[in-house]
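From first to last, the protein sequence lines stand for chains A, B, C and D.
With the first letter of the first sequence counted as 1, position 80 gets the number 80 in our numbering; the numbers rise by one all the way through.
To convert, take the position in the second sequence, counting from 1, and add 1000; that gives our numbering.
To convert, take the position in the third sequence, counting from 1, and add 2000; that gives our numbering.
To convert, take the position in the fourth sequence, counting from 1, and add 3000; that gives our numbering.
No lab work stands behind these hints: they were computed from the structure.
Glycine residues also receive a C-beta, built at the ideal position from the N, C-alpha and C atoms.
Just so you know, not all the hints are guaranteed correct.
Straight-line Cα separation of at most 25 Å, PhoX-like style, residue types lysine-lysine; simulated pairs [claimed, not checked]:
1. 3080/D - 63/A
2. 2121/C - 1063/B
3. 1063/B - 2105/C
4. 63/A - 80/A
5. 3122/D - 107/A
6. 1063/B - 2107/C
7. 105/A - 3080/D
8. 1134/B - 1105/B
9. 2107/C - 1105/B
10. 80/A - 3080/D
11. 2105/C - 1107/B
12. 2063/C - 1080/B
13. 116/A - 3063/D
Simulated restraints, written as ranges between beta carbons of each label pair [said to hold, decoys possible]:
14. 39/A - 2037/C: 30 to 38 Å
15. 65/A - 2057/C: 27 to 35 Å
16. 3097/D - 64/A: 36 to 44 Å
17. 39/A - 2057/C: 43 to 51 Å
18. 1084/B - 2109/C: 32 to 40 Å
Pulled a few chain B residues facing chain A out of the computed Cβ check, cut under 10 Å [unchecked claim]:
19. 1011
20. 1012
21. 1014
22. 1017
23. 1018
There are 4 protein chains.
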Amino acid sequence: MNSYEHQAQYYETDQMGIIHHSNYIRWMESARIWYMSQLGVDYRTMEESGIISPVLEVSSQYKSMVRFGDTVLIEPEITKYNGVTLELSYRITDKESGELKMLGKSKHCFLDSSGKIVSLKKSYPEYDRAFMAKLKRV
Amino acid sequence: MNSYEHQAQYYETDQMGIIHHSNYIRWMESARIWYMSQLGVDYRTMEESGIISPVLEVSSQYKSMVRFGDTVLIEPEITKYNGVTLELSYRITDKESGELKMLGKSKHCFLDSSGKIVSLKKSYPEYDRAFMAKLKRV
Amino acid sequence: MNSYEHQAQYYETDQMGIIHHSNYIRWMESARIWYMSQLGVDYRTMEESGIISPVLEVSSQYKSMVRFGDTVLIEPEITKYNGVTLELSYRITDKESGELKMLGKSKHCFLDSSGKIVSLKKSYPEYDRAFMAKLKRV
Amino acid sequence: MNSYEHQAQYYETDQMGIIHHSNYIRWMESARIWYMSQLGVDYRTMEESGIISPVLEVSSQYKSMVRFGDTVLIEPEITKYNGVTLELSYRITDKESGELKMLGKSKHCFLDSSGKIVSLKKSYPEYDRAFMAKLKRV
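Looking at chain A on its own, in the form it has when it is part of the complex:
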């Protein structure tokens, strides 16, 4: 599986002349949604079936600056999954030079439309199997 690609946009810069750090958090989301779709978990379908997946925790370590026009590669990986919560790590590198740009993490749960925690293991075994399969391969 290859990685998610993003070209840094002008509107993502700030007056330091670099990409504003909050945008990496958004890129992690884009990469996560793309990654899940590769595993057969389509986020749009998941939401339409009544589950939302809010972010419980997010963190990032900025290793070097990304500038307007740079293309970065974002590699998400599932690091923990127990049927109820899901954790991922992210590695962002420059596409051209391979230079490390950011290391990140995020943690998620799954809620039904009334806001109650959903066990994917019990209620959505096909999503559970998709995440579990990936976890085992790591």
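Add chains B, C and D to chain A, keeping to what the hints say.
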């Protein structure tokens, strides 16, 4: 009625060293929602009652640059309203110097949860009266 | 020349369940920068040589809603250019259905590092020729 | 010292019907800049004197959802400072109910215009004293 106040944030800057032009479109929204609430039309309540108000058109003329830390005043006004569509104009000035920063316009309709156009005049006379009263005073 | 492609991101949605209208303004910028690079005008190089190109005016008419996951095509075109100011139009359509999503316009000038208006015609004839050539072909 | 106040904007929502998690990272920045100015460290002046302060690390734990229209209080505190790097923690609560919304952290360094690390202790003793004084009081 006084105007909506906003202090330009660091994350709103771009690498030109000025506020990115897309943010003014967001400020117009903030000012519009604040202005409607002054007229007795609470946007949150409106959405909870099943109406959404999408933007049909938006335009802005940038007159001078806003920089990080500047405080601007945004003055919305209702320019047209016919019971079905609503148009506003916006004037953004620097709070300290009074310098004109932007002139803007937006046009809106009202939709029910099935996406059908709602006539406020027929279905929500209290909102209709609020907009109409303001229009007449202009 | 083909068009600029963008997939609507989750972080671009709002609680109406559609892409927030301010993001289209950002997509117009991405498409404009991409389009200029096709004409041989690299925006990063232009800024490094000391010229910035602020937005003087922007407008958009929203024709139908874009939703999370949709892929849109953005087609910019130069509509006016006189050596000092540049105007473009934009047409956003759904990649799959071809449905019209937005029509937009933007107007730009060129400034040197001291904030003075630059005539590309006089000072940067290679950029001038690139824009002029495109204009003639329209 | 009181806390930084922010009203959650419509453009900050996502299609889950809550404030998108990336915006809290932006709010932390706004609160940090406000907090520093209370300590006598004006970020605009700092940048004009040639220092930038990039974010090295950021993390947040989301405790409960913030919705459109809610007003939150953001309380930054300096947790570590050694003359070269600065760490802060953030606590976001609902203004009305006091409910905890987020706990966050950020880590920063200071760079001169050539990208070299600046020791505030050596080169900007007035900033150093401001941060140190606050740290001692914690």
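Taking the hints in turn, this is what the structure says about them:
| no. | hint | in the structure |
| --- | --- | --- |
| 1 | 3080/D - 63/A | holds (20 Å) |
| 2 | 2121/C - 1063/B | holds (24 Å) |
| 3 | 1063/B - 2105/C | holds (17 Å) |
| 4 | 63/A - 80/A | holds (24 Å) |
| 5 | 3122/D - 107/A | violated (40 Å) |
| 6 | 1063/B - 2107/C | holds (12 Å) |
| 7 | 105/A - 3080/D | holds (23 Å) |
| 8 | 1134/B - 1105/B | holds (17 Å) |
| 9 | 2107/C - 1105/B | holds (16 Å) |
| 10 | 80/A - 3080/D | violated (30 Å) |
| 11 | 2105/C - 1107/B | holds (16 Å) |
| 12 | 2063/C - 1080/B | holds (20 Å) |
| 13 | 116/A - 3063/D | holds (15 Å) |
| 14 | 39/A - 2037/C: 30 to 38 Å | holds (34 Å) |
| 15 | 65/A - 2057/C: 27 to 35 Å | holds (32 Å) |
| 16 | 3097/D - 64/A: 36 to 44 Å | holds (41 Å) |
| 17 | 39/A - 2057/C: 43 to 51 Å | holds (45 Å) |
| 18 | 1084/B - 2109/C: 32 to 40 Å | holds (38 Å) |
| 19 | 1011 | holds (6 Å) |
| 20 | 1012 | holds (8 Å) |
| 21 | 1014 | holds (5 Å) |
| 22 | 1017 | holds (5 Å) |
| 23 | 1018 | holds (8 Å) |
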